[in-house]
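Asker: Sequences and hints are given; from them, build the entire structure.
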Amino acid sequence: GGSVPIADEVIVSIQKLNTIHNLDETSGILKCDAGVILQDLQQYTMKRNFMVPVDLGAKGSCLIGGNVSTNAGGQYLYRHGSLHANVLGLEVVLPDGTILDLLSSVNLKDNTGYDLKQLFIGAEGTLGIITKVALHCPRLPQERNVAFVACQDYKSVQQLLIMAKDVLGEVLAAFELMDQGILNLVQQDMKIPISMETTTSINTKNENYPFCVLIETQGSNKQHDMEKMEEFLEKAMSSEICIDGVLSQDLTQVHKMWDVRDSCGPVVKSTGYLYKYDISIPIGDFEDIALEMRDRLGQSHPSAIVVSWGHIVDGNLHLNITTPGIFEEDPSLTKRIEPYIFESVIRRGGSISAEHGLGQCKNSYLTIAKDPKALNIMKSIRTMFDPHGIMNPGKYLPDDHRLANHNGTL
Amino acid sequence: MKILVGVKRVVDYAVRVRVANNTIDLSNIKMSMNPFCEIAVEQAVRMKESKQASEVIAVTIGPSKGGTETLRTALAMGCDRAIHITTEQRTDFLEVQPRAVSKIFQSLVQEEDPSLVLLGKQGIDSDCGQVGPMLAGMLGWPQITFAASMEGDSDKLTLDRETDAGTETLEVQLPSVVTCDLRLNEPRYATLPNIMKAKKKKVDVRDISTFADLDLEPHLQVLEITEPPPRQAGVMVESVDELVDKLQNEAKVI
Numbered sequence: 001g002g003s004v005p006i007a008d009e010v011i012v013s014i015q016k017l018n019t020i021h022n023l024d025e026t027s028g029i030l031k032c033d034a035g036v037i038l039q040d041l042q043q044y045t046m047k048r049n050f051m052v053p054v055d056l057g058a059k060g061s062c063l064i065g066g067n068v069s070t071n072a073g074g075q076y077l078y079r080h081g082s083l084h085a086n087v088l089g090l091e092v093v094l095p096d097g098t099i100l101d102l103l104s105s106v107n108l109k110d111n112t113g114y115d116l117k118q119l120f121i122g123a124e125g126t127l128g129i130i131t132k133v134a135l136h137c138p139r140l141p142q143e144r145n146v147a148f149v150a151c152q153d154y155k156s157v158q159q160l161l162i163m164a165k166d167v168l169g170e171v172l173a174a175f176e177l178m179d180q181g182i183l184n185l186v187q188q189d190m191k192i193p194i195s196m197e198t199t200t201s202i203n204t205k206n207e208n209y210p211f212c213v214l215i216e217t218q219g220s221n222k223q224h225d226m227e228k229m230e231e232f233l234e235k236a237m238s239s240e241i242c243i244d245g246v247l248s249q250d251l252t253q254v255h256k257m258w259d260v261r262d263s264c265g266p267v268v269k270s271t272g273y274l275y276k277y278d279i280s281i282p283i284g285d286f287e288d289i290a291l292e293m294r295d296r297l298g299q300s301h302p303s304a305i306v307v308s309w310g311h312i313v314d315g316n317l318h319l320n321i322t323t324p325g326i327f328e329e330d331p332s333l334t335k336r337i338e339p340y341i342f343e344s345v346i347r348r349g350g351s352i353s354a355e356h357g358l359g360q361c362k363n364s365y366l367t368i369a370k371d372p373k374a375l376n377i378m379k380s381i382r383t384m385f386d387p388h389g390i391m392n393p394g395k396y397l398p399d400d401h402r403l404a405n406h407n408g409t410l
Numbered sequence: 411m412k413i414l415v416g417v418k419r420v421v422d423y424a425v426r427v428r429v430a431n432n433t434i435d436l437s438n439i440k441m442s443m444n445p446f447c448e449i450a451v452e453q454a455v456r457m458k459e460s461k462q463a464s465e466v467i468a469v470t471i472g473p474s475k476g477g478t479e480t481l482r483t484a485l486a487m488g489c490d491r492a493i494h495i496t497t498e499q500r501t502d503f504l505e506v507q508p509r510a511v512s513k514i515f516q517s518l519v520q521e522e523d524p525s526l527v528l529l530g531k532q533g534i535d536s537d538c539g540q541v542g543p544m545l546a547g548m549l550g551w552p553q554i555t556f557a558a559s560m561e562g563d564s565d566k567l568t569l570d571r572e573t574d575a576g577t578e579t580l581e582v583q584l585p586s587v588v589t590c591d592l593r594l595n596e597p598r599y600a601t602l603p604n605i606m607k608a609k610k611k612k613v614d615v616r617d618i619s620t621f622a623d624l625d626l627e628p629h630l631q632v633l634e635i636t637e638p639p640p641r642q643a644g645v646m647v648e649s650v651d652e653l654v655d656k657l658q659n660e661a662k663v664i
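Order-wise, the sequence lines are chains A and B. Throughout the first sequence, residue numbering follows the working numbering, covering 1 to 410 in sequence. Throughout the second sequence, residue numbering follows the working numbering, covering 411 to 664 in sequence.
Keep in mind the hints are simulated off the structure, nothing from the lab. Worth double-checking, as some hints may not be accurate.
Claimed, not checked - List time: in silico DSS-like cross-link candidates among lysine-lysine, alpha-carbon distance up to 25 Å:
(1) B:475 - A:205
(2) A:235 - B:607
(3) B:607 - A:228
(4) A:222 - B:458
(5) B:458 - A:379
(6) B:656 - B:458
(7) B:458 - A:228
(8) A:228 - B:475
(9) A:222 - B:607
(10) B:458 - A:205
(11) A:222 - B:461
(12) B:611 - A:235
(13) B:609 - B:461
(14) B:440 - A:228
(15) B:610 - A:235
(16) A:222 - B:612
(17) B:440 - A:59
Answerer: See the structure below:
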């Protein structure tokens, strides 16, 4: 809820600041206004054989400035790094009207002073409005291959991840997990490339595998990448770490397989009221936390279903709970989930918001998620930039009075 | 019965084609199996699975490296073996043209003696749609183009055929040439076990020069290749009155 007003705030849209300035083809440095739509930026760079290092499902409508303000992650973070790494410069308008130019002289390497732009990346607009962005863009990979594979249990998924990193090495670009629950929902909208055929005495039906993984390689040489992909898949199949799978033969199939993964969010949203959690936890805990929540809700709210998917290679799980057919929030269900789920995440040493940010829904939980000393420094920084509290009030950091009364527990 | 399936290596359907120096720029561009050929392969494999066909042979005419990739896809989808006619000439109409392709296929048909030749309805690069009809003519076989559905046995097929006015239902005696259209089937993904199996399948490699006696010289010369003019941005109107005014006075269509 970072962009949703709480009271009578003025909403500033930068969508008219939408000029792409230039792309230096030797260095890959792209400069543009913050209001450029991500997809437009992608098309601009693609024509010149470059790619924008961030990609998300919302590319058709989200603005690059917003991506930077929220430190958007996306599916290629493992391969291309986060925006903290790829943003080389910014122009920011500070709350007092000062135009901060961290962009006109932009370099791939610059160790002169505090790296101020890092403060604004992911600050969700609380420290200023980003008006220009300088981004480092990698060259467009000539080869993309996607495998859509199945694992019979979570242990195999983890083994598959290690094997992918070993065998695919530097061409591994994405490794995305989907559990059976979310596959069952997506299946209502589109065909899943692989499924189990289970024969009962009456009929044969298609059931989804316990876990499916989408693996993408990106590289410059088709033969090289294909050989690696086939070696990896052969190893995975023969060791039974992977029990089924298909491999894309052309770009259309690459897109179709990604469509399955990309539809996870929209599909669960259209199933019922959505209780959405974006968490970072140790990769070994992914199945465990879903089972924990299923167990907890199974007793109190049996109609709720828990499904999960995510950027497992980044340790980022999208844990979603929904009440199929019921589109109103059940406050008792919310209470049953929160803060329990956040406490479980913190207990596991994780982050309560891996990539979706804090906004107005998660800011109050920072009091249990972050060390109070750290929180106090964050508050000081915010006050320094925005002494009158005009930027996204009530969001991002916990409300002041909570911070002052904090004693380590909620 | 034996089925011969033609598979063509073309610029990937999802890739934007670039025109440079009065030709299509193929440097560093992603190539894949022609989508209509994929449909033909799928149909052939299904006929094998339903025991209508005993053997499916995939044939491609293309470069040494690239052609092998196309055939690997065909074999991974379920073809039994493949024939690779190697040539470094351009197969997107600029050098190897439908007449030459048809002649080569005619020769292979005489050699392999299939009852059915399945082809994609057209290559998405050349958009000719000529090999099916030409080959049928050369062989003296009946042809069904734009097949949208197919049923039958080893003697005859019943097919639906796409036309601008609707669907025709036709019956044809084998042997026959059939070209496949979009509605015929949805091609399968290549599964991992089948990709592994495909590596062991036989690929017979022959250079196009072994067909030199067939007169494969192009009879058509491409004079010019240009990109279509860029699409003009649409005009947003504020009211129905403005729309009517523009249709009447600017576009002059009412």
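Asker: Work down the list of hints and note, for each, if the structure agrees.
Answerer: Consistency of the hints with the structure:
no., hint, result
1, B:475 - A:205, "40 Å, violated"
2, A:235 - B:607, "14 Å, holds"
3, B:607 - A:228, "17 Å, holds"
4, A:222 - B:458, "31 Å, violated"
5, B:458 - A:379, "70 Å, violated"
6, B:656 - B:458, "59 Å, violated"
7, B:458 - A:228, "31 Å, violated"
8, A:228 - B:475, "17 Å, holds"
9, A:222 - B:607, "20 Å, holds"
10, B:458 - A:205, "23 Å, holds"
11, A:222 - B:461, "36 Å, violated"
12, B:611 - A:235, "20 Å, holds"
13, B:609 - B:461, "23 Å, holds"
14, B:440 - A:228, "18 Å, holds"
15, B:610 - A:235, "17 Å, holds"
16, A:222 - B:612, "22 Å, holds"
17, B:440 - A:59, "23 Å, holds"
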